[in-house]
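Engineer: Chains as they are written, first to last, in our numbering: chain A, 1 to 252; chain B, 253 to 481.
In short, the hints are calculated from the structure, not lab data.
All the given hints hold, so there is nothing to weed out.
Quick list of in silico lysine-lysine cross-link-like pairs, DSS-like style, CA-CA up to 30 angstroms: (1) A:K11 with B:K342; (2) A:K16 with B:K342; (3) A:K209 with A:K116; (4) A:K209 with B:K342; (5) A:K97 with B:K342; (6) B:K333 with B:K255; (7) A:K252 with B:K441; (8) A:K251 with B:K442; (9) A:K252 with B:K263; (10) A:K252 with B:K255; (11) B:K350 with B:K263; (12) B:K333 with A:K116; (13) A:K175 with B:K342; (14) B:K333 with B:K263; (15) A:K152 with B:K448; (16) A:K11 with B:K350; (17) B:K255 with A:K175; (18) A:K116 with B:K342; (19) A:K251 with B:K441; (20) B:K441 with A:K175.
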Amino acid sequence: MEGSSLNLTLKIWRQKNAQDSGKFATYNVSDISTDMSFLEMIDVLNEQLITKGEEPVAFDHDCREGICGMCSMYINGRAHGPWNGTTTCQLHMRAFKNGETITIEPWRAGAFPVIKDLVVNRSAFDRIIAAGGFVSVNTGNAQDANALPIPKDDADASFAAAACIGCGACVASCKNSSAMLFVSAKVSQLALLPQGQPERIDRVLNMVKQMDEEGFGNCTNTGSCEAECPKEISLDNIARLNREYLFATLKK
Amino acid sequence: MTKFLTSSLGKKTVMAMTGLFLCIFLLEHLYTNVQLFFGDGGKSFDEASHGMVHSIIIRIIEVVLFFSIIVHVYQAVVLTKNNSDARPVKYAVNGVSKTSSWFSRNMLLTGSIILFFIVVHLYNFFLPYRITGEVVEPEAQGEHLAERVAAALTNPYYAALYLISVLFLAFHLNHGFQSAFQTLGANTKKYVPILKMAGTAFAILMGIGFASFPILFFIFGEEFLNWNL
Ligand code: HEM
Ligand code: SF4
Ligand code: FES
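Next up, chain A with everything else stripped away, as it sits in the complex:
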């Protein structure tokens, strides 16, 4: 099917560096194919800017196939734009109407400072993982399927939690800038498996401690994170995190 093309007005956050106070700049792009991805549309804009000798818009991206979690953008008030369960690179221009004005902002959270334009620093997530989101010993090669029995439901829930790509959309979309969905996914994927058991208690205590130190807000169960998560990580995991934390506190 032949797609049509769009003329759009873009209001984009421009900020030179972390110290700069930043402001919106308005650009026009024309003849944007509805078959393009959102990032390709920004590529077109950047070609235009470079031709004119202006500074292109800095934005994070890597895989462009929805698995790396880099392409953070707050588009018209929504993390990764209007579609559910997609990253920005998987958002297509057919989600927009001809003549529309699109506002594009970086993730906004104290724990994710802006580096430049739409690029934010998500190292806070790395430090949370470093605080316990791993299994310390080498678990070796893939086991014989029957050597380590794991209930199907647990395996499925762990696998679903492991789909988290650390994109930060949960933090960006939460009214409290809470990182609970991310942390709960990382705690859950290991808490549900036998390999995660030896460090289960320390893991949850240390990861929550790091999460608090990074200055993320407190979860009030509004559910925005689940609605915006490109991997549709379930709020179930947050309940599990709360449970794990409560039991870990009682045990230690």
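Start from chain A and add chain B with the ligands according to the hints.
Structural biologist: Leaving out everything else, chain B with the ligands in the frame of chain A:
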């Protein structure tokens, strides 16, 4: 334990436990109030209230209740402040209303209206009955509690304040009840829909239950205490 109480999850646990305790209190309070409808001139209600003053257990629960409200309100302010500070630069365009409910985003607002009402309410009823002894016990001569309630509720300003507060209480509970179970980790896929429904049902029950007092007294006046079929 102090580590737990100062952690984000610990503070939320305290919020949830005090909130649920207040929910139990609401049920009990509604049960006492319903006795105003017995049509016996407020006798059952007076006796129930009287029984409570002289019960040591109720006195202890009352202290826990006061403590719960203070802790709940204190944590509410601290948490809401932290949460707002966690995003120093706000979005120019924010579609958060598309992904979360109004109730969940306005707990401090709905809570503050409840708090204002609680203060007025305690000043009107708890203080004269329990502390200053202005309103007397059922067997003595003088103004009884049920009459005072009826008089207050036939006052249009008080009735209006009461109704608005009850509405916001229902809003608070609509999100709060199920949220508390999520906070305590008692939520799993299987129970989420059930708890959400139960939360809304509880909110509606409390809303209609408490709203019935100002509405009926406002319509029928103090005579309602003696209504007969
Ligand atoms: C009868 C009175 C009240 C009841 C039954 C009640 C009940 C609850 C419940 C069950 C929650 C959910 C806790 C959770 O999400 O884990 C909650 C949350 C909350 N309450 Fe209340 N509450 C009452 C009064 C108040 C008052 C007076 C205020 C304050 C000014 C208040 C402010 C809040 C706030 C801000 C939250 C959300 C906090 C958070 O989720 O982090 N509440 N309440
Ligand atoms: S939980 Fe979802 S939104 Fe949050 S970081 Fe993981 S994939 Fe992204
Ligand atoms: S660029 Fe990798 S998920 Fe979008």
